[in-house]
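Chemist: Fit chain B with the ligand to the supplied structure of chain A, relying on the hints for placement.
If you want the building blocks of each chain, they are given just below.
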Amino acid sequence: MKYVDEFRDGELANGLASTIARAADTGRNYSFMEFCGGHTHAISRYGVTDLLPANIQMIHGPGCPVCVLPIGRIDLAIGLALDQGVILCTYGDTLRVPASDGLSLMKAKARGGDVRMIYSTADVLAIARDNPDRDVVFLAIGFETTTPPTALLIEQAKNEGIGNLSVLCNHVLTPSAITHILESPEVREYGTLPLDGFIGPSHVSTVIGTQPYEHFAREYRKPVVISGFEPLDVMQGILMLVRQVNEGRAEVENEFFRAVTRGGNRKAQTLVAKIFELRRTFEWRGLGEVPYSALQIRSEYAAFDAEQRYGLRYAPVADNKACECGAILRGVKKPTDCKIFGTVCTPETPMGSCMVSSEGACAAHYTYGRFKDVEIVAA
Amino acid sequence: MSTVKPGYTRPLDVRNGRIDLSHGGGGRAMAQLIEELFAAAFDNEYLAQGNDGAVLAMPSAGGRLVMATDAHVVSPLFFPGGDIGCLSVHGTVNDVAVMGARPLWLAASFVLEEGFPLSDLKRIVESMANAAKSAGVSVVTGDTKVVERGKGDGVFITTTGVGVLPKGLDLSGNKATPGDVILLSGTIGDHGMAIMSKRENLAFDAPIESDTAALHGLVADMLASGSGIRVLRDPTRGGLATTLNEIAKQSGVGMQLDESSIPVRPVVDAACEFLGLDPLYIANEGKLVAICAPEDAGGLLAVMRAHPLGRESAIIGTVHADPHHFVQMKTRFGGRRNVDWLSGEQLPRIC
Ligand code: SF4
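If you're matching them up, the sequences are chains A and B in order.
So for the first sequence, this note's numbering puts the first residue at 36; every next one is plus one.
So for the second sequence, this note's numbering puts the first residue at 9; every next one is plus one.
Treat the hints as calculated values from the structure; they're not laboratory data.
Only a predicted model underlies this, so the values are computations on that prediction, with no experimental measurement involved.
Treat each hint with caution, since some may be false.
In silico BS3-like links for lysine-lysine, alpha-carbon gap of 25 Å or less [as the list claims (entries may be wrong)]:
| hint | chain 1 | residue 1 | chain 2 | residue 2 |
| --- | --- | --- | --- | --- |
| 1 | A | K309 | A | K193 |
| 2 | B | K257 | A | K407 |
| 3 | B | K159 | A | K142 |
| 4 | A | K144 | B | K159 |
| 5 | A | K142 | A | K356 |
| 6 | A | K369 | B | K338 |
| 7 | B | K338 | A | K407 |
| 8 | A | K144 | B | K338 |
| 9 | B | K206 | B | K130 |
| 10 | B | K206 | B | K183 |
Covered by chain B, according to a simulated footprint, are these stretches of chain A (three or more residues, beta-carbon under 8 Å) [claimed, not checked]:
| hint | stretch |
| --- | --- |
| 11 | 79-93 |
| 12 | 380-387 |
Ideal Cβ positions, reconstructed from N, Cα and C, are used throughout, including at glycine.
For reference, chain A alone in the conformation it holds in the complex:
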């Protein structure tokens, strides 16, 4: 395992910060959206914005798979665990997302549901093998990064003839969400959301490559820099965006050439295409229905599709009325613009999705940045 200190070096950061400050034109403002919650988390946790000049704004995007998973989808999973008696497996973060009736998967577990936290899809396969007389359902969530492992799980289950395993698929697509934001009235017409470029998530691009972003750059004239998740990577990405804006360029650049190529991982893409197809539409928590923004399991693999196997019907559930998540996910508002931020809505009692995972914009600001909202009293 590689140690990570070299990407968090404070001196390098200071050097980079002054390069950014020199590059940024004092006569204008820069607004960049980091699409992915992983970047939001890194920026907040390391206090990256403190190192940026005041005319560079970072806008938090919708890229946290936990945040965008709508209540109704979790309700389906809870129903499977409590009413159908399945072993429900999922990644850690998902357990805390609030669902209907004051429940969450963690609370469903306390009520007797067999809910298990897994670290990889290999764990799901093992659980299915070890419990041949039980039905095992994997609640799959995530962007392009976590999709190939789910595809592999389904393929392996089919090859091994494992009959007690199915997947409740909620995989969503980064490019569709970015298009959705660029097509939103705030960006297109009203101009309330100045957006000069995107920091793109590197882990997504290790799978899909940088190519899928090329048409944004062309059609929407927005530069995109694919960046790693270390704070220095993010800062390097910001510098590259500033330079593109200054030079009037709108291209896709790759900061994370350590692992990302233009074409991405073809093998993974082929596997994903074999198992999944586009969903016509999918509800994102906070963004609403987004056309062609998610994946479903192909009919050849219907036996492994929990939605088909249990005849599940999705019913949308409305968010709390006061919640501003939708505007926050589109970058139009800041967490503190929400009336219930930090009072009714906290990480302990999240009302909206942005407060759930530590990668959500509201949770990140609450956890790491709240001191900025109040005056500091000197020692």
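Modeler: Then chain B with the ligand, alone, in the frame of chain A:
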């Protein structure tokens, strides 16, 4: 001459035997377990009396007693660097020690699950006995219960410790004052990550070992140095971040930490990164936080570093006035952030 033969009880089959319900039933089997395993390992005058409780003599006039209790439910029971046995001693000894007291006696209560191997129990009990001996405490009373298979997790151990507080000493979490300095006795996150790497079968280049240890000796040296220590606490569950937030709240102050001065082993840091966890929130079992007056900080640090359990001690921050009781940190990176209370459990990120 009497024809009654002397009773013969076959010794416990420690190698192959397992706990069954009779070991908690109050009859011969239980008496035998206590005698051959617990009393033999903890061997001392109080236990030998075989009473329901222990009669303890006050060791010094004018001293006060400190009592603390802790239930231990760790899984796995055996982990790199320790096991539930020594942990159950260290945890309680440390709770007593950070109050400034000298730990003297422990009570231990065992909840055993039917089917638990006697060999494992013996290992655990011996590890407890060793830990108690080197911490200078006696296990003077105890209790054993057996629950049905499936109703426990092998073994749960609750220990209660009693220690004596010297006259005039008064450490408390509400005594941190603006201007004070925060010290930490070594690297953070070792215990929690040792447990997690074993539980999740994560293999790292270097094994991560628990830091479980009894801190009474370190505390004694620190107190003997005459430094103006105001608060001592061991950052166990919830880690350093939780402990500091507790103290900040109790004392009604804010804190300013410097991330680059907080020691973390590179392998722990890498493991945390891998799982998406923050070492500030990971449990420790052999570390303490001290808060003292600024003029005493240098001297106290030297005393801590001179003790084997405090070799990597560091000054990690300061206390300041803040009505919001925020614990803030200057990141290694040069930015600033809150170090907030943990919400719920720390769970690994998904991507
Ligand atoms: S503070 Fe809570 S309710 Fe308001 S926008 Fe954020 S997550 Fe939604």
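Chemist: If a hint holds in the structure, say so; if it doesn't, say that too.
Modeler: Results for each hint:
At most 25 Å may separate the alpha-carbon atoms for a hinted pair to count; K309(A) and K193(A) meet this at roughly 13 Å. With a C-alpha separation of about 19 Å, the suggested pairing of K257(B) with K407(A) holds against the 25 Å cut-off. Restraint check for K159(B) and K142(A): the C-alpha separation of about 20 Å stays at or below 25 Å, so the hint holds. Annotation: proposed proximity of K144(A) to K159(B) holds, straight-line Cα distance about 17 Å (limit 25 Å).
For the suggested pair K142(A) and K356(A), the alpha carbons sit about 24 Å apart, so the restraint of at most 25 Å is met. Among the hinted pairs, K369(A) with K338(B) is consistent with the structure: their alpha-carbon atoms are about 23 Å apart, no more than 25 Å. A threshold of 25 Å between alpha carbons decides the hint, and for K338(B) with K407(A) the separation of about 13 Å falls inside it, so the pair holds. For the hint pairing K144(A) with K338(B), the CA-to-CA distance comes to about 38 Å; that exceeds 25 Å, so the pair is violated.
Restraint check for K206(B) and K130(B): satisfied, since their Cα atoms lie roughly 22 Å apart, inside the 25 Å limit. A distance of roughly 38 Å separates the Cα atoms of K206(B) and K183(B); the hinted pair therefore is violated under the 25 Å criterion. Here the stretch 79-93 of chain A counts 8 residues with a CB under 8 Å from a CB of chain B, which clears the bar of 3, and the coverage holds. As drawn, the stretch 380-387 of chain A meets chain B at 3 residues by the rule of a beta-carbon pair under 8 Å; at three or more, the given contact holds.
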